[in-house]
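Participant: Hints given; two lone chains; assemble the complex.
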Amino acid sequence: MLSRSLSSDIAHRVRDEGFEITHVVIDEKKISPCRGCFNCWISTPGECVINDYGRELNRLFVINDLILFIGPVFHGCHSAPIKKVFDRSIPFLQPFFRKVGGEVHHRMRYAKTPDMIFIGIVEEKDDVQEATFRELSSRNAINFGVDNHQALFHCHGGDPSVLIDETIALIRGLSR
Amino acid sequence: MRQEKITFINGSPRRERGTSASIIEHMRKSVQGSMRTEEVYATGYDIDDKDLMSSVIESQNIILVSPLYVDALPSEVLEMMSAFEENDLKGVSFMAIFNCGFPEASHNNTAITICKNYSESNGMDWLGGLMIGGGGAIDGRPLSPNGPERHMVKSLEMVCDSLVGNLPIPDEAFELASRQFFPVWLYMIVANHQWKTRSKARGVKRSLKYRAYP
Numbered sequence: 119m120l121s122r123s124l125s126s127d128i129a130h131r132v133r134d135e136g137f138e139i140t141h142v143v144i145d146e147k148k149i150s151p152c153r154g155c156f157n158c159w160i161s162t163p164g165e166c167v168i169n170d171y172g173r174e175l176n177r178l179f180v181i182n183d184l185i186l187f188i189g190p191v192f193h194g195c196h197s198a199p200i201k202k203v204f205d206r207s208i209p210f211l212q213p214f215f216r217k218v219g220g221e222v223h224h225r226m227r228y229a230k231t232p233d234m235i236f237i238g239i240v241e242e243k244d245d246v247q248e249a250t251f252r253e254l255s256s257r258n259a260i261n262f263g264v265d266n267h268q269a270l271f272h273c274h275g276g277d278p279s280v281l282i283d284e285t286i287a288l289i290r291g292l293s294r
Numbered sequence: 002m003r004q005e006k007i008t009f010i011n012g013s014p015r016r017e018r019g020t021s022a023s024i025i026e027h028m029r030k031s032v033q034g035s036m037r038t039e040e041v042y043a044t045g046y047d048i049d050d051k052d053l054m055s056s057v058i059e060s061q062n063i064i065l066v067s068p069l070y071v072d073a074l075p076s077e078v079l080e081m082m083s084a085f086e087e088n089d090l091k092g093v094s095f096m097a098i099f100n101c102g103f104p105e106a107s108h109n110n111t112a113i114t115i116c117k118n119y120s121e122s123n124g125m126d127w128l129g130g131l132m133i134g135g136g137g138a139i140d141g142r143p144l145s146p147n148g149p150e151r152h153m154v155k156s157l158e159m160v161c162d163s164l165v166g167n168l169p170i171p172d173e174a175f176e177l178a179s180r181q182f183f184p185v186w187l188y189m190i191v192a193n194h195q196w197k198t199r200s201k202a203r204g205v206k207r208s209l210k211y212r213a214y215p
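In order, the protein sequences belong to chains A and B. Under the working numbering, think of the first position of the first sequence as 119, with each following residue one higher. Under the working numbering, think of the first position of the second sequence as 2, with each following residue one higher.
Be a bit skeptical, because a hint or two may be false.
Claimed, not checked - Distance condition first, Cα-Cα at most 30 Å in a straight line; then the derived DSBU-like pairs of lysine-lysine:
id: 1; chain 1: B; residue 1: Lys206; chain 2: A; residue 2: Lys217
id: 2; chain 1: B; residue 1: Lys117; chain 2: B; residue 2: Lys91
id: 3; chain 1: A; residue 1: Lys147; chain 2: B; residue 2: Lys210
id: 4; chain 1: A; residue 1: Lys243; chain 2: A; residue 2: Lys230
id: 5; chain 1: B; residue 1: Lys117; chain 2: A; residue 2: Lys243
id: 6; chain 1: A; residue 1: Lys148; chain 2: B; residue 2: Lys51
id: 7; chain 1: A; residue 1: Lys217; chain 2: B; residue 2: Lys197
id: 8; chain 1: A; residue 1: Lys217; chain 2: B; residue 2: Lys201
id: 9; chain 1: B; residue 1: Lys117; chain 2: A; residue 2: Lys217
id: 10; chain 1: A; residue 1: Lys230; chain 2: B; residue 2: Lys206
id: 11; chain 1: A; residue 1: Lys230; chain 2: A; residue 2: Lys148
id: 12; chain 1: B; residue 1: Lys51; chain 2: A; residue 2: Lys147
Claimed, not checked - Now the stretches of chain A that chain B is said to cover, found in silico as 3 or more residues with beta-carbon under 8 Å:
id: 13; segment: 146-154
id: 14; segment: 188-196
id: 15; segment: 203-212
Stated by the list, open to error - Listing some non-contacts, in silico: residues in chain B with all C-beta distances to chain A over 12 Å:
id: 16; residue: Glu26
id: 17; residue: Lys30
id: 18; residue: Glu40
id: 19; residue: Arg142
id: 20; residue: Pro149
id: 21; residue: Val154
id: 22; residue: Phe175
id: 23; residue: Arg180
Derived by calculation from the structure, the hints in this document are not laboratory data. Positions of the beta carbon are idealized from the N, C-alpha and C atoms, including for glycine.
So that you can see chain B by itself, here it is in the shape it has in the complex (with noise of 0.2 Å):
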């Protein structure tokens, strides 16, 4: 039987203000009406809440969706998907839907390679992962069908629809989410002169290439 609820983790230190929870956000609103959804933020987890473990495991479908930090997972996720390994995780449909400042989604890999491990290792139904890059285009504004990340948007949703379904994602849906959004070298420009304004923004007078430990 089809299960109805999906927990999202967000992985994002940044909790709400994050690109994972523009992403979540979309999708919780995609599948409204068909599945019950829950968001887990991994930072300020309390591992020791045994209530809140058993619902994200009994909820039978676990979408971990998380920025890329240093080539993998945050250490809060590792933190949090360590604790709930120490449960019975077996045919809990796992998902992994990572998003990374660099352009090119394909930085995503090894982390998703991490979460494909964890799933088997644990007997989950691993349902795969999503790579996106250029997510800093995001920043936790609301994401649109219009936009730049329309491909992702798609993709999105392709994978909402299977989910409500009970159909085998797409390959389709992998592909359109490791589109780039713009060419590297037009993202290159806009976020190298994006940190300067930003800095200078708060009134910042330290050069950006400041070395603190010469």
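Next up, chain A with everything else stripped away, as it sits in the complex (with noise of 0.2 Å):
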């Protein structure tokens, strides 16, 4: 629930700072889990087959400068709520392969992709589950092709108005 109350926040001071948002609360919208079908890939090239939430979340990708995920960390993992929604977004991509720095990934299908702020939330300060979250948040932007990306750590007793303003802070340096 504090993830739920941060996002809101956030988004309310992200608001006022004059930026149009799109504020989506995961366990609030009807999202399947990802079928591991393909046919988004293959079937219905860019497009899910799954007729729900998922297909918006991809369009958000599109239209967005930028993405900020909120959640609780699972062991450096991000939440699974927030995980079905990575799962969904492969649409975003093609399936066809290319370079990045000496390992093969993806090919992006559109011109411009978002930037991407991941906010993880724990129970306790834990430096393993930090170091796990930091990694997962750059190998997700580099799968999904992003230039500028940001991993932010917050413990459930730490001041939100810190991460906030941290927050607040960063979306002005990526957007400029």
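Facilitator: The structure is reproduced here in structure tokens:
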């Protein structure tokens, strides 16, 4: 629930700063998990065959300049709801391969990719989880062809206003 | 005392049709006669099914075999693991085997780290993680000791021997699992071509580069 209140507070502040935003609470949307069918690559290229809010998420990936994800951290991983969003986002990529930094990844479907900020929330300070979360966020950024990304870590007991200020500063920096 | 049952968690939404199923099938056959096995699918798993959950935990040996989804565990596997850790997992042996569609096995590294974190924070006995690249070359078919996946097959058999003999898994098993099936350049050419032929076979007219949201 902290994720939800923090995401609302951040959304309000970002809006007050003059940015146009879409605030999505994943748990309130009907989004099925990815079926691993690859139809979004070979049958209906660019579109998931599951007709639910997952399709709209893909559109949001395309039309926005920045996507900010906020949710609990699960042993260094994104939470299952956030991960479901990533899993359903593969139509954003082409099936074809390319090399990035000597490693094989998928080619980008769109000319522009949004910047990304990943905010992970934990019960208490945890260096192991934080290191894994930062590594995962970097890997996600490479996979989605993101030029600019940042990962922030927030503890339950921490001051939310510090996180919100930090997030606003990052968004201002990325929007320049 | 050595425990005699292994529960395989199949993390693939493709269930019995995916590469994870091929790996599990091979391992089940390898330990047949020495250990009992059970396969549980993360997709469609009912987290309220307490009997099934008890059965998994009581097996004392859990091997997660899963495809890599966007650098980590598929969302349904996360949900299942989250439900499991509401129980006492102390002392339960845990191993993870990830396969990805990229030719390099190293993509699986973060997913293995997440499983290791999970294992350690729940007081489980972490057996290690195997990283497999080029999973698309298996695509649900039976594994062959003579195919391009022969090093992986050898690795799986070493793991099974270790489980049956209650011995530590040798380092060689982890190294063998990560060996590439094909040179990267060849895998890229073949895979890029196969996307097109699979699409054509379905009579799809739309370009695979189609932009749904211009």
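Participant: All hints are to be evaluated individually against the structure, with a verdict given for each.
Facilitator: Do the hints match the structure? See the list:
{"no.": "1", "hint": "B/Lys206 - A/Lys217", "result": "27 Å, holds"}
{"no.": "2", "hint": "B/Lys117 - B/Lys91", "result": "14 Å, holds"}
{"no.": "3", "hint": "A/Lys147 - B/Lys210", "result": "28 Å, holds"}
{"no.": "4", "hint": "A/Lys243 - A/Lys230", "result": "36 Å, violated"}
{"no.": "5", "hint": "B/Lys117 - A/Lys243", "result": "18 Å, holds"}
{"no.": "6", "hint": "A/Lys148 - B/Lys51", "result": "26 Å, holds"}
{"no.": "7", "hint": "A/Lys217 - B/Lys197", "result": "19 Å, holds"}
{"no.": "8", "hint": "A/Lys217 - B/Lys201", "result": "25 Å, holds"}
{"no.": "9", "hint": "B/Lys117 - A/Lys217", "result": "29 Å, holds"}
{"no.": "10", "hint": "A/Lys230 - B/Lys206", "result": "25 Å, holds"}
{"no.": "11", "hint": "A/Lys230 - A/Lys148", "result": "27 Å, holds"}
{"no.": "12", "hint": "B/Lys51 - A/Lys147", "result": "27 Å, holds"}
{"no.": "13", "hint": "146-154", "result": "holds (count 4)"}
{"no.": "14", "hint": "188-196", "result": "holds (count 5)"}
{"no.": "15", "hint": "203-212", "result": "holds (count 6)"}
{"no.": "16", "hint": "Glu26", "result": "18 Å, holds"}
{"no.": "17", "hint": "Lys30", "result": "24 Å, holds"}
{"no.": "18", "hint": "Glu40", "result": "17 Å, holds"}
{"no.": "19", "hint": "Arg142", "result": "16 Å, holds"}
{"no.": "20", "hint": "Pro149", "result": "16 Å, holds"}
{"no.": "21", "hint": "Val154", "result": "23 Å, holds"}
{"no.": "22", "hint": "Phe175", "result": "19 Å, holds"}
{"no.": "23", "hint": "Arg180", "result": "16 Å, holds"}
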